[in-house]
Each structure stands twice: as C-alpha cells, then as structure tokens.
Amino acid sequence: MTMNGKCLVVYYSKGGNTKTVAEKVAKRMGGELCEVNEQGVTQPGFDPSAYGLVVIGTPVNGFSTSLPIQGYLTQNKGKLPAVAFYATYSLHPMGTLGGMEKLAGKKPVATEKFKSSDIKLGKIDAKVDGFVAALKK
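Everything in the sequence shown is counted per this note's numbering, starting at 89 for the first residue and increasing by one.
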C-alpha cells in the first residue's frame, strides 16, 4: 500500500454523508480520521507528510469540490504523499474528483463516488470494500 503504511482519512462533511464514508474507510484501513473545518484547517497533529496515504473526502457543492477541501488541498499540496479521493453527491459529481487532482497536484491511487441516498439507506458497504481494496494495492 504505502511506504510507512499509515493512512489518514481527511474529510469535510456538512450533512454527515461524507463523515459516514470516512469512518468506514478509516476503520477498514486501520487509519486515523481527521475532519476539516469550514476554513479548510484540521486539528493540530495531523501532518499529511507523516502518512503513507491520505484519503480525502468531500461533498459535492455546486458540482465542485467543497470550499473547505479546496482550502485543505491548497494548503497541503507540497506535503501530500500518495492520495486517494472520494466524493459524496446528491445530483451529479461532475468534475469534482478531477478538480481535487488538480488542486493536489498529483494523480490519486484510487477514486470513488458515493450517492447520498445510498449512504442514507446503508447501501455502500460493497462500494467501500471495493475502494479500500484499490487503496491496498
């Protein structure tokens, strides 16, 4: 998977869907969870360069990456090791994942999209398992 094997799952969640996915991914990866606030900042102690893989999750806002995750990616661009991205959406994820790649300045090892209605209905476990399997390659 990663050089030092440590995984950080960074997310911003307004309605709880992105957090639900983050918790499932972190649990399956044995990783740490890190929430981004409205300003794109995480609590101290979560330096992305200390991890081998950083998984970043965002809700889709206006067919794009949420502003807090845009801020996080911009602030941490030079510190990011291997990355993976996921988006939670109601209507359509559009270019959200590609936008995250541009902001991070690197190609993700894996990406995934999760529909909000599927998250609410608890129908994402197989998709999470597939995403985690791709992360562990």
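Simulated from the structure, these hints should not be mistaken for laboratory data.
Keep in mind that this is a model prediction, so the values were computed, not measured.
There's no promise every hint is true.
Said to hold, decoys possible - In the DSS-like style, the derived pairs of lysine-lysine whose C-alpha atoms are separated by at most 30 Å in a straight line are: (1) K167 <-> K195; (2) K215 <-> K112; (3) K102 <-> K208; (4) K208 <-> K225; (5) K203 <-> K107; (6) K112 <-> K195; (7) K208 <-> K94; (8) K112 <-> K201; (9) K224 <-> K190; (10) K190 <-> K112; (11) K208 <-> K115; (12) K215 <-> K115; (13) K115 <-> K102.
Stated by the list, open to error - Have a look at the derived ranges for each label pair, beta carbon to beta carbon: (14) K165 <-> E126: 32 to 40 Å; (15) K165 <-> K208: 30 to 38 Å; (16) G93 <-> M182: 30 to 38 Å; (17) K211 <-> N149: 30 to 38 Å; (18) G133 <-> M182: 32 to 40 Å; (19) G103 <-> S137: 27 to 35 Å; (20) Q127 <-> K225: 17 to 25 Å; (21) D213 <-> S137: 17 to 25 Å; (22) M182 <-> A138: 15 to 23 Å; (23) E111 <-> A222: 30 to 38 Å; (24) K224 <-> S137: 15 to 23 Å; (25) A138 <-> K115: 18 to 26 Å; (26) G150 <-> Q127: 26 to 34 Å.
Don't be surprised by glycine CBs; every beta carbon is placed ideally from N, CA and C.
Each hint, compared with the structure:
no., hint, verdict
1, K167 <-> K195, "holds (14 Å)"
2, K215 <-> K112, "holds (11 Å)"
3, K102 <-> K208, "holds (14 Å)"
4, K208 <-> K225, "holds (28 Å)"
5, K203 <-> K107, "holds (13 Å)"
6, K112 <-> K195, "holds (23 Å)"
7, K208 <-> K94, "holds (29 Å)"
8, K112 <-> K201, "holds (14 Å)"
9, K224 <-> K190, "holds (23 Å)"
10, K190 <-> K112, "holds (26 Å)"
11, K208 <-> K115, "holds (19 Å)"
12, K215 <-> K115, "holds (14 Å)"
13, K115 <-> K102, "holds (21 Å)"
14, K165 <-> E126: 32 to 40 Å, "violated (20 Å)"
15, K165 <-> K208: 30 to 38 Å, "holds (33 Å)"
16, G93 <-> M182: 30 to 38 Å, "holds (34 Å)"
17, K211 <-> N149: 30 to 38 Å, "violated (23 Å)"
18, G133 <-> M182: 32 to 40 Å, "holds (34 Å)"
19, G103 <-> S137: 27 to 35 Å, "holds (30 Å)"
20, Q127 <-> K225: 17 to 25 Å, "violated (34 Å)"
21, D213 <-> S137: 17 to 25 Å, "violated (31 Å)"
22, M182 <-> A138: 15 to 23 Å, "violated (32 Å)"
23, E111 <-> A222: 30 to 38 Å, "violated (18 Å)"
24, K224 <-> S137: 15 to 23 Å, "holds (21 Å)"
25, A138 <-> K115: 18 to 26 Å, "holds (20 Å)"
26, G150 <-> Q127: 26 to 34 Å, "violated (18 Å)"
Of the numbered hints stated above, those contradicted by the structure are hints 14, 17, 20, 21, 22, 23 and 26, listed in ascending order.
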